[in-house]
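Protein sequences appear in the order of chains A and B.
Numbering-wise, the first sequence is residues 19 to 295 according to this note's numbering.
Numbering-wise, the second sequence is residues 71 to 385 according to this note's numbering.
Treat the hints loosely; a few may be bogus.
[Stated by the list, open to error] Chain A is faced by these chain B residues, among others (derived, beta-carbon under 8 Å):
id	residue
1	S128
2	G194
3	D222
4	G226
5	M227
6	N229
7	L232
8	A284
9	R320
In short, the hints are calculated from the structure, not lab data.
Idealized CB from N, CA, C, for every residue including glycine.
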Amino acid sequence: MTRTKVRAWIVGVVAILVSVVVFLVPFAFVVLQASKSPEDASSLAFTWPKEWQFFPNLIAVLQSGDGLIWRAFLNSFVLTVGSVILMVVLSAMAGYVLARKRSKWGPVVNFFVLAGLIVPPAVVPTIWVLQGTGLYKTMPGMILIETTFGLSFCILLFRAFFNTVPKELDEAAVLDGAGRVRLFFQVILPLLKPVIVTVIVVQSVFVFNDFAGPLYFLPGSDNATVQTTLYTFSGQNLSFYNLLFMDILLITIPPLVAYIFFNRQIVAGMTSGAIKG
Amino acid sequence: MSTASPATARQAADIITEVGASEKNRPRKSRMRSHYPTWFFIPAIVLYVIFFAIPTVSSFYFSLTRWSLFDSQFIGFANYVQFFQDPQLYTSFIHTLIYAVLTSGAKVILGFLLALLLTSPVVGRGYLRAVVFFPVLLSTIGVGILWKSLLDPFHGMVNAVLGFFGLPQPGWFTDPNLALYTIAGVDIWKGVGIATLIFMAGMVAIPTEYYEAARIDGAGGWNILRRITIPLSRGATATVIILSLIGGLRSFDIIWATTGGGPGFTSDVLASVIYKQYQAGFYGLSTAGNVVLFLVVTLIMVPLSYVLNRKQVEL
């Protein structure tokens, strides 16, 4: 007993030391860089800041480029909220019918859902479609694109969950006089709270962090999202590493908050999304 | 009975006729069936068709054209010929395969070992789980900038430490022979958390009776690992392989944030070539790259997932 305990301690301590070097030092580097003066930060050394400039740097980033970062955060916020709401509603509806209705189309639908998960989107033809529909370089267009790319994953999650909701419940609701739409939105949907939270958290982090999507389908400085802003910053402001890293720090806050509050849902989403045929 | 509900007359009629029908044959099924409105599919299908299916299908045609988004001129397989003759382009095809296999393999092995560690009773397990998983949630662009600074050949911290110990200080992102592998390393650093998580979920699901029985039969740690943990983690392994291969083959953000495909074209992959050709206005060529990526992904993933899933059933 004591031998295994000693081993648990030794292995644990070694693992913690390794994790400090591999993970914590890089995280700490971001914070230190964000707190330095421009000259201090440009040396890229892992040193204590000569003088702490955390708040001046924060203010400088928030004020840079006529409030570009505010607009970027607003754009990212609108994009994330809009597409995640659409994703949840549309894929819950589709997943519901897919799980409940046994039809000969089932395998075909499954095939297309999996295809949506595997096949890389065709970039330029998508731009062509967006232009044809007048949605290119517009926020609604980008929201619809993110929704489409997230649908497959969400439908799989929802379908797996619907299989655990007993069908008898549907019958009871129908006998009590609920219509088809009411049955879904007032009886079934409230039961889905756990899986909805999972979908919201996982997809929010995903959409918020998406870079290639806005790069292709939402160009233009008015439309900048936080990820494209960070990318432009990194190209221009190589003499202002402190501000660059302050920007990274700011962008990390939303996922960090999500992780702290919804750790369990994120884990559930990442592992159950993996259960697929 | 249904006085409180605002069900329309039509819906009420539906219920009545269905109840009537249900008395004839297979009552439950046919009654319930029509309570799942098929039109619930339609919004999702509309989006899927317009923004995913149409672009995918039309990419096959546009890859055969010289294309300006407004008009296209059919030129046969010229784009593909150019793609596989120009070393700057076809090397990206090879890099994509190297990159995907490397990152996927490393994530399987490292993820498995980490999951083994993090499901065993070690000190500081909660902290370790959190710290391994957190990079998954970070912005890929942010991670790219971070590692570009840490691995800077002249000022970077990693080379400073290596220099301190008198070790060689490679140009991680600037050495043409090394850049692709460095990016793969950063990708593994960021993504190993998901693999670990999936393996952990798999290992936790293995019934403890198996371990107890094995121990009673006198099996040592190595035998337990080889005969129980590894075979019973097959489902998780298949999932990790599939997910990380798909991610690796399509990888773009991390490469664009660190080297932009450079130095030269030594770390270009299919996804970055698609972007570069798009930026240069060669839409037809870019789309041909897209079709090549599509073919690579499906030709690898479809047979692979078939084989991996079949093994699962046999077990």
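Going down the list of hints, with the structure as the test:
no., hint, verdict
1, S128, "5 Å, holds"
2, G194, "5 Å, holds"
3, D222, "5 Å, holds"
4, G226, "6 Å, holds"
5, M227, "4 Å, holds"
6, N229, "10 Å, violated"
7, L232, "13 Å, violated"
8, A284, "16 Å, violated"
9, R320, "5 Å, holds"
Of the numbered hints listed earlier, those contradicted by the structure are 6, 7 and 8.
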